[in-house]
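Trainee: In case you want the letters, here they are:
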Amino acid sequence: DAGVIQSPRHEVTEMGQEVTLRCKPISGHNSLFWYRQTMMRGLELLIYFNNNVPIDDSGMPEDRFSAKMPNASFSTLKIQPSEPRDSAVYFCASTIYGSGWETQYFGPGTRLLVL
Amino acid sequence: AQKITQTQPGMFVQEKEAVTLDCTYDTSDPSYGLFWYKQPSSGEMIFLIYQGSYDQQNATEGRYSLNFQKARKSANLVISASQLGDSAMYFCAMRELTGANSKLTFGKGITLSVRP
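Residue numbers (our numbering), protein chains in the order written: chain A, 1 to 115; chain B, 1001 to 1116.
Please keep in mind that the hints were generated in silico from the structure rather than gathered at the bench.
Since the model is a prediction, treat every value here as computed from it, not as a measurement.
Backbone N, C-alpha and C fix where the C-beta goes; we use that ideal spot for every residue, glycine too.
There may be inaccurate statements among the hints.
Footprint (simulated), chain A over chain B, 3 or more residues, beta carbon under 8 Å [said to hold, decoys possible]:
1) 1036-1046
2) 1106-1112
Below, computed lysine-lysine pairings styled on DSSO-like, alpha-carbon distance capped at 27 Å [claimed, not checked]:
3) B/1070 with A/68
4) A/24 with B/1103
5) A/78 with B/1070
6) B/1070 with A/24
7) B/1070 with B/1003
Let the sequences and hints guide you as you build the complete structure.
Mentor: Below, the structure written as structure tokens:
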């Protein structure tokens, strides 16, 4: 079975450019999470959705970040405009909401470098 | 206050030996789950094992077991018969169930190196 799919796997961009990260959750999963990982701050939850509805976006750093989930099989995380401090690995994870402990399964991540 | 604490410096273990990775947590929620993830140098996050706060038995999954001490609020990961492929970063995480919250809080992680 396919796991969580993220694209692109690597992204290098210049400051000020728009960046769009994509995620396809595991088929049948109805809860999706976006995380950011840096050396300084570790793994941080940015936002999560249940049944395509954003539930908690308190981790989104600022208005430059936005996330959408137009349907059950696709989500995007957009940064506009990007800044060098946004350089990090961005993970998407999914699970089945309401399924016991709701183990989250992670995608391979997108390594973002903003120059 | 940190909810998940992983304070060990880089850990080293000889191949085929067992190793314990420490994790302490802080919560007032009586219902919670504890998770361990592995992150090898390739970067992906791999789920290993979980323990529910009401589980009577310690969780086991192959060579992984979780030493759950509720009164001490610790959930240490034990890896038996270490293999070279176990060299990775290991993260402990917690989910509190009050309010049907699906959020996971992660610790800072521990680096494990397995020596041949």
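Trainee: Each hint needs a verdict: does it hold in this structure or not?
Mentor: Right, here's what the structure says about each hint:
Using a Cβ-Cβ cut-off of 8 Å, 5 residues of the stretch 1036-1046 of chain B lie near chain A, which meets the minimum of three, so the contact claim holds. Here's how the stretch 1106-1112 of chain B fares: 4 of its residues keep a CB closer than 8 Å to some CB of chain A, so the rule of at least three is met and the hint holds. At roughly 39 Å between alpha-carbon atoms, residue 1070 of chain B and residue 68 of chain A are farther apart than 27 Å, so this suggested pair is violated. About 19 Å separates the Cα atoms of residue 24 of chain A and residue 1103 of chain B, which keeps this hinted pair within 27 Å; it holds.
Proposed proximity of residue 78 of chain A and residue 1070 of chain B is contradicted: the alpha carbons are some 41 Å apart, above 27 Å. For a cut-off of 27 Å, the pair hint linking residue 1070 of chain B to residue 24 of chain A is broken: about 37 Å separates their Cα positions. Distance restraint check for residue 1070 of chain B and residue 1003 of chain B: the Cα-Cα separation of roughly 14 Å lies within the 27 Å cut-off, and the hinted pair is therefore satisfied.
Consistency note: the structure conflicts with the earlier hints numbered 3, 5, 6.
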